[in-house]
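Fit chain X to the known structure of chain F by using the hints.
Line by line, the protein sequences are chains F and X. Quick note on my numbering: the first sequence kicks off at 1 and runs consecutively. Quick note on my numbering: the second sequence kicks off at 1 and runs consecutively.
Each hint can be trusted.
In silico DSBU-like links for lysine-lysine, alpha-carbon gap of 35 Å or less:
#1 X:15 / F:264
#2 F:88 / F:178
#3 X:201 / F:264
#4 F:149 / F:88
#5 F:264 / F:285
#6 F:149 / X:20
#7 F:264 / X:139
#8 X:10 / X:139
#9 F:178 / F:133
#10 F:285 / X:139
#11 F:129 / F:178
#12 F:264 / X:174
#13 X:10 / F:264
Quick caveat, the hints were computed from the structure, so don't treat them as lab data. This structure is a prediction, so every number in the text was calculated from the model and none was measured.
If you want the building blocks of each chain, they are given just below.
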Amino acid sequence: MSDVNEKLLVVSDLSTTFATAGGPLPAVANVSFDLNRNETVGIVGESGSGKTVLSRTIMGLQPRTNVTVTGSVLLNGNEMVGAPESFKRGLWGTEVAMVFQDPMTSLNPVMRIGKQIDETLRVRLGMSKPDAKARAIELLELVGIPSPKQRYDAFPGQLSGGMRQRVVIAIALACSPKLLMADEPTTGLDVTIQAQILNLLDELKERLHMSVVLVTHDLGVVATRTSRIIVMYAGRIVEIGSTRDVFTNHRMPYTRALLESSPKVSNASHTRLITIPGRPPNLLKLTEGCSFAPRCAYATDQCHQDRPELRPADQPGHSFACWNPLPVTRGELAS
Amino acid sequence: MTDTTQPLLKVRDLKVTFGKGHHEVSAVAGVSFDVYEGETLGLVGESGCGKSTTGKALMRIVEPSSGTIELGGTDLTKLKRGGKQLRNIRTHMQMIFQDPISSLNPRRRVKDIVAEPIDCWKTVTGHDRDVLVSDLLSKVGIDPAVYGNRYARQFSGGQCQRISIARSLAMRPKLLICDEMVSALDVSVQAQILNLLEDLKAEYGLTLLFIAHDLAVVKNVSDRVAVMYLGKICEIGPADALYEAPAHPYTEFLLGAALEADPDSPMHSQVLEGEPPSPMNPPSGCRFRTRCPNATDLCASDEPQPQEIAPGHQVACHFPLSVTRK
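With the rest of the complex left out, here is chain F (with noise of 0.2 Å):
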């Protein structure tokens, strides 16, 4: 019991598979992972990797039908997986939110941002018509809305993209919850307004002693941001470890394979980019193996016919499914 009290999230054991006139396809698929209070985790994968469906899933956003959902989601000692719509709905707002990769659609295009902020607060807290403007307010300053007063009474399609994020994770933010799931919260926007939401992110976990869940396809987002990366693929986890593990002495070929093959500004121009063959594998048609397999250059009969299960590497925390691992960098270095 004190082990669950300690953890604001365990994921144990967690599958979502959908019914598709193709068969059941498991899009996550045994993933197990905990998160400590105020840390900020990285979700990264490539697209179908799983690691939306997974946040989702977390939030208990799943589709009502053509989907199973196996294993526990225990958000704060409360179990997500099976719940009631009414008990996580109960949730939502003061113990989880997310805030979405599309701040345009997520919004709703004929409604005042203000009204929009409002909403939550009235209903999930139970504030006044003018308690909930005067937070409202304050939430859209919190956020670094210029002249929030004006603001509120904007309609999102009079703000800029990276405003409209900034409304978004004011909407998040507004019951104060525990654990903040953001998916791809920057994809779309530019670099530099990218940088500023990434800052105020941070800045507003520190603040309000949070938890974040920060799901990307960009490494670069999650390099310095997070303690920890999770790293996807088939809607499986393949490698998990703090950031510098995972980054500096990662054992996945897959892992490897991620880094190496984004074009880096550090590097000359004209640097030829280390390439992995083929693409994802359909989760339709996944083999009995390794599913990076069919990709990877160190794959033996064993890869094609067992799946590897994560296996710890010798630092605490840090885990990884394959039977092939690269070396230990760290060891050479030391020798």
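Then chain X, alone, in the frame of chain F:
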């Protein structure tokens, strides 16, 4: 090296204006640059800076309102719209767009998509045409025997972008304009396409104008880089030099905001505040002055003209960083 005396593409004071009167927006407000044969010029900037409009105006997909665009000595802006001469010269320049899926007709077969430019111009016919199409598809890594008869809708984004590249090469163009061609792709696929582009550039002797918002991607492919802000080029120079020592404050902010996939990379010490002003009502003088920490009265009254601070490195700023810091 390449022939650096004669630029393949010479753009002078290009302007593109949309709307009229009250609603007039100058998306491109006087842009001049050269692209030399065999080089890749990267064009980088944030959304709304006019980089895509510049690319489209070069092809005359949108009409420039003034300025000249010379490709191999012919001024494209003088040619009649929809006329034979313009159609002719367009075979020398091809464009690849951002969204690979919507750039291809989902109901056509891959080999017909690639063959379309050839069939339009009847450069080769019959058996030779089929051989050329198969060759183009193999060059971009798509097996023509297996996939040639499939429909475009059956392919992933990365494969569609490969097909777009094959189509753009069908007329053996001199200049390829790539508008955000990898921004919709996953990193592992993006790396494949960028490497492919470098290979094809060498093989076909292509000259590239590479438009993108991602600074790391632009540096990776470019010999020279031009940085745009609010319809104007604020800095242009050799890629490595410009990234190493940016001279325009905006370039420095842009580079400072770029995120490196490295836990040891410094956190952003200074972040550019605010957002770009509306191009409908740009600031007087220097367009960046409203967000620039070094701005003075001079910046508000006089528009800075491009000045050369090193060979081939020009900056439009009254107080270029590398000079003032010395």
